[in-house]
Amino acid sequence: MRPPIVPVLALAAASLLVLTGCTSGSGASTASGTPVAGGTLTYATGDAEPTCLDPHVGGNYPQALVASQYLEELVSKDKAGNTIPWLATSWKTAADGSSLTFTLKKGVTFTDGTPFDAAAVVANIEHVKNPSTLSSTGYLALQKVSKAVAASTDTVRLDLSSPDSSLLDSLSQPWLAMESPTALKRSQAVNCESPVGTGPFVVTKWVKQQAITLTRNPKYTSPPKDAAHTGPAYLKTITWRFIPDSATRYAALQSGDVDVIDNAQPDSIVAAGKSSQLKELNAPRPGVSDRLELNSGQAPFDDDRVREAFISGVDVNAGIKSLFFGTATRSYSLLSSVEKSGYSDKSLFDVDTTKAARLLDQAGWTGRDSSGYRTKDGQRLTVRFPVSTNQSIPAERALFEQIQAEAKSLGFDVEIQQLDLSSWYGALAKHQYEIVSAPYTKVGPGVLDIVYDSASIKPAPSGYFANLAQVNLPQLDTVLQQAGQEQDATKRQALYTQAQKIVLDGYYVLPLYDQQNHYLYRTSVHGLRAMPTVSTPTLYDTWLEK
Amino acid sequence: MTVLPALPSAVEEPRASRTRRRPLSVVEAVAAVALLVVIVAAVAPGLIAPRDPLAIAPTDAFAAPSWAHPFGTDDSGRDLFSRVVHGTSASLLIGVAATAIGVLLGLVLGIAAGIGTRVTDVAVSRLLEVLFALPGLLLALVIIAFVGPGPVPATIAVGLATAPGYARIFRTQIRRVRSSEMVEAARVLGRRPSVLLVRHVLPNALAPVVVLATLGVGQAVVWASSLSYLGLGSPPPAPEWGAMLEAGRTYLGVAWWMTAFPGAAIVLVAAATTVLGRRLSRRNRGMR
Amino acid sequence: MTRALVWLAKRVAGGVVVLWAVATLIFFAIRLVPGDPAEAILGGPGSQASAATLALVRREYGLDQPLGVQYLRQLGHLATGDLGTSYSLKQSVASVLAAQVPPTLVLAALSLVVAWLLAIGTAWWSASGGRIANALASGLEVVASAVPHFLLASILIVVFATQLGLLPPVSTGTPSGLVLPVVTLAVPVAGFLGQVTRDSLLDAASAPFALSARARGESASGVFGRHLLRHAALPGLALSGWAFGSLLSGAIVVESVFARPGLGRTLLQAVTLRDIPLVTGVALVSALAYVVVVALGDLAEAVVDPRVRDASRSRRPRNRGTVAA
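If you're matching them up, the sequences are chains A, B and C in order.
So in the UniProt record's numbering, spot 397 of the first sequence is number 397, and the numbers just go up one at a time.
So in the UniProt record's numbering, spot 84 of the second sequence is number 84, and the numbers just go up one at a time.
So in the UniProt record's numbering, spot 223 of the third sequence is number 223, and the numbers just go up one at a time.
Incorrect hints may have been included.
[As the list claims (entries may be wrong)] Once the Cα atoms are required to be at most 20 angstroms apart in a straight line, the calculated DMTMM-like pairs of lysine to aspartate or glutamate come out as:
(1) A:501 - A:545
(2) A:340 - A:352
(3) A:144 - A:112
(4) A:185 - A:112
(5) A:92 - A:488
(6) A:321 - B:60
(7) C:90 - A:193
(8) A:546 - A:96
(9) A:408 - B:121
If you're looking for bench data, these hints aren't it; they were derived computationally from the structure.
Just need the whole structure built from these sequences, with the hints factored in.
See the structure below:
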């Protein structure tokens with residue numbers, strides 16, 4: 001296990017540089033003056049408008065973005081990736097790993113006046129685990145939690161069916177945020193409109209298709225340990241707008257009609273870099289990297305030679321460079337660069353079209369049809385690639401087209417199908433895909449259990465299955481299970497590195513880059529930072545220069 | 001985007017005097033030449049643009065227009081001139097196919113209303129009233145909500161959305177021709193109704209529809225491009241103007257040419273068909 | 001007075017028939033499309049609905065009942081104003097629409113006014129400005145009617161928001177935020193109205209009454225205002241139903257580009273999420289709006305043209321139609 005540590009360290013150092021690089025930008029702006037209280041900040045998101053503001057329900061990134069302003073979690077992360085206190089002041093894992101006990105911060109109340117205590121935590125855990133909540137992300141993360149018990153008013157114990165080394169990571173995510181138990185008792189429709197948390201802002205109004213209005217919580221007392229100040233937030237109001245069109249969104253930022261935008265497009269990021277009025281905050285999402293996954297569950301990618309041929313036959317570097325204008329760095333890892341346990345192996349992805357052709361010949365794809373595609377027994381080497389238009393930016397879709405053109409010269413007929421989200425899920429559920437790119441955001445290496453354990457080939461109750469490469473290796477399952485239960489950090493890291501090596505060596509995955517997450521903001525905005533957990537922005541420390 | 005109104009002039013009483021022909025105006029001549037070029041591009045794109053519209057060259061991406069690339073290159077370094085030229089057939093096909101669907105369906109409904117009994121006439125007229133009440137793009141979206149997005153549903157949706165307009169004109173024309181002296185005379189001579197329909201009624205009723213269909217193709221192209229913009233149209237990497245325009249819009253700040261040329265192509269086709277369609281419609285009226 | 005009441009009653013009855021037919025069409029369309037209607041209601045193939053959820057929806061929507069019963073029940077609900085519950089927004093469709101209709105109506109009404117002003121303006125310019133003005137106006141109208149909304153919107157944003165910094169690129173709730181969306185929506189419609197208006201204007205200008213007015217020594221603008229405009233506006237007015245429909249179509253694109261709330265954006269989202277109850281609701285509301293606007297257009301025609309006032313009771317042979325609504 002020794003050699004891999006070097007790239008890991010290098011990667012960790014690199015990601016630290018990236019992180020400090022971007023935070024020093026915003027840090028410098030904070031230092032440029034004394035914070036001023038008051039004012040309204042307009043945030044324009046390009047993500048879909050959530051259908052429910054309670055991230056327990058379903059559980060996607062658009063929900064996490066806005067929920068980070070009004071909901072809080074038991075724990076958070078610091079920039080180095082260590083778990084730090086938030087609504088819980090301390091925690092302890094039982095020696096045998098059978099339970100996790102939290103001591104809660106005292107004197108915290110939800111914005112509806114309900115006290116935050118052990119009973120509230122129990123209510124939240126039960127809310128997520130209740131099938132009628134229709135939780136997906138939170139539900140999966142709590143699978144090993146059999147029961148939540150209030151040991152005293154400020155002590156809560158989570159009993160586990162088996163040790164879970166990822167549970168702390170999971171509890172730092174907005175999908176497991178703490179909401180007022182009083183508010184949770186209302187109907188789901190009402191709670192979706194106005195969830196109640198302990199956060200620095202309160203949801204006061206939601207005009208569909210237009211904006212959510214968030215107002216300052218004057219009694220706020222519970223910032224995470226790494227926040228820059230204490231007490232209530234500086235901003236009086238946040239207007240959280242939905243501007244789906246990326247060109248319009250950027251134009252609105254330039255004209256000053258909005259102060260912060262997310263999902264900035266590569267060319268806008270470069271243009272903003274040349275502007276004296278705009279700044280960038282680059283915060284790649286944790287979890288898996290953006291990557292292509294090859295479906296090994298059916299022909300032709302059930303043959304590992306065909307997978308290897310595809311992965312070593314297409315060159316994506318030139319495309320990434322030109323399409324992303326240098327704003328994205330090529331990844332050779334299954335995991336995001338912010339993930340300390342990420343293992344990277346560049347040598348596996350050297351482009352060698354001669355080798356690719358030889359492998360395809362060996363696999364029996366020796367014929368050629370009139371269009372120049374390879375054939376075997378009269379069958380064309382066709383691979384279907386459903387692309388969700390909602391989950392990919394134009395630059396990425398263009399990259400997919402380039403991959404399609406590259407693969408054509410190898411003899412692959414890549415059929416790109418641009419689908420809306422509903423049809424896309426439908427295609428995956430029916431296994432009508434050979435290539436797919438699916439994001440999965442999660443704190444910690446535990447995301448590997450979700451994405452590559454063979455158990456994830458079977459659809460969860462929600463119908464989704466996360467192991468889209470359909471990796472089905474008993475050896476890998478064993479390693480992942482051991483890692484998931486391992487309490488010792490070093491041993492756990494080694495096990496996860498081993499798991500990543502197995503997947504990479506099997507040519508199931510073509511990593512592209514981190515899940516891109518670029519924010520642009522006007523220079524009048526100070527103290528904007530991304531949460532080190534899932535990289536959502538937090539506007540608690542933010543203030544507006546007047 | 002906007003789908004055209006039946007210019008009232010197009011369906012007025014066809015006049016007997018079609019003798020005096022006005023020479024083509026400059027605008028009309030330009031429109032005619034433009035359409036000719038467009039048709040050549042659709043039929044034999046290789047003649048105009050020999051390069052492969054799908055060949056990528058990431059290192060040449062976002063190149064401004066030059067001698068090598070008269071329209072510049074796109075985000076994957078593909079030659080935009082080739083893509084615009086080779087995209088003609090796909091884009092026109094959507095317009096032509098949609099118009100054909102609209103005209104055919106309109107013909108069936110119009111004939112049913114025009115030569116059927118009073119009851120069928122009332123029933124079809126009511127149905128048309130209902131279809132009119134759902135504006136075109138809205139109807140297209142409703143249809144896509146049921147059958148899912150893609151170029152084929154988009155084409156069918158545009159076609160269905162244009163059908164009631166054609167149907168109404170067919171009905172008016174058929175009724176008018178049917179009661180004309182010429183047809184009365186034929187009926188007196190004992191011709192069978194089906195023969196009457198094919199020999200006399202249809203040819204006379206079709207003339208204004210040909211005009212409107214000419215106008216309709218251009219508008220259907222504009223329409224289909226809007227569906228592409230909304231993400232409900234043609235899939236990549238097929239060069240189709242609407243999809244190219246949508247891809248280019250993202251880069252309006254760094255590569256205006258990605259938007260300008262496909263956009264100009266759409267406007268050109270729609271404008272040229274409008275100009276020529278109006279000319280035909282005037283001729284049809286026997287004016288000037 | 002009684003005649004007006006009869007007219008109104010006929011209009012209302014006609015409108016109800018149209019709404020009933022739209023509801024009927026959509027009701028049977030859901031059942032004709034291959035696949036499970038319960039799944040369609042829940043959001044299509046990607047909904048990944050569990051068997052329990054599907055059963056729930058079947059019961060809620062009465063899908064386990066005979067088709068006739070389902071249909072009558074649906075009509076009963078509609079008659080009482082119950083449009084069902086939006087699957088994606090988990091809100092009653094009626095309340096969603098109540099919030100989304102006003103912004104679209106404001107946008108469409110303003111655009112219609114602006115389109116008319118532009119159309120009459122160019123018509124006047126070309127009628128009074130000689131050959132070159134005429135050719136230019138005609139060219140402008142043709143190009144205006146051929147521009148896709150989203151292209152026009154992009155150009156306007158780049159020029160007026162990014163380069164000149166004069167107007168906000170997104171709707172801001174202030175009057176200035178309305179300018180770009182309204183202009184984007186109005187220009188293509190103005191192109192069409194202009195073409196129609198100018199054609200009849202030119203016809204009217206050579207008509208005997210205009211020549212005699214001019215012979216009497218009336219000024220060109222006087223003739224235009226008093227005689228020609230009234231004459232020329234008629235075919236345009238007859239098209240207001242069409243124009244309004246076209247504006248509603250355009251609103252789908254314009255509301256998305258300029259991030260405005262409204263019916264169009266709601267429909268687009270509903271289509272993307274396959275929210276059938278919401279799609280049905282939007283279709284019904286826009287059909288209703290269309291019926292009302294056509295009635296208003298006829299009223300306006302009657303005001304402008306005395307001949308119509310007397311003739312409109314009988315079925316007019318004149319074409320009010322469109323190639324596509």
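For each hint given before, does the structure comply? Return the numbers of the non-compliant ones in rising order.
1, 2, 3, 8 and 9
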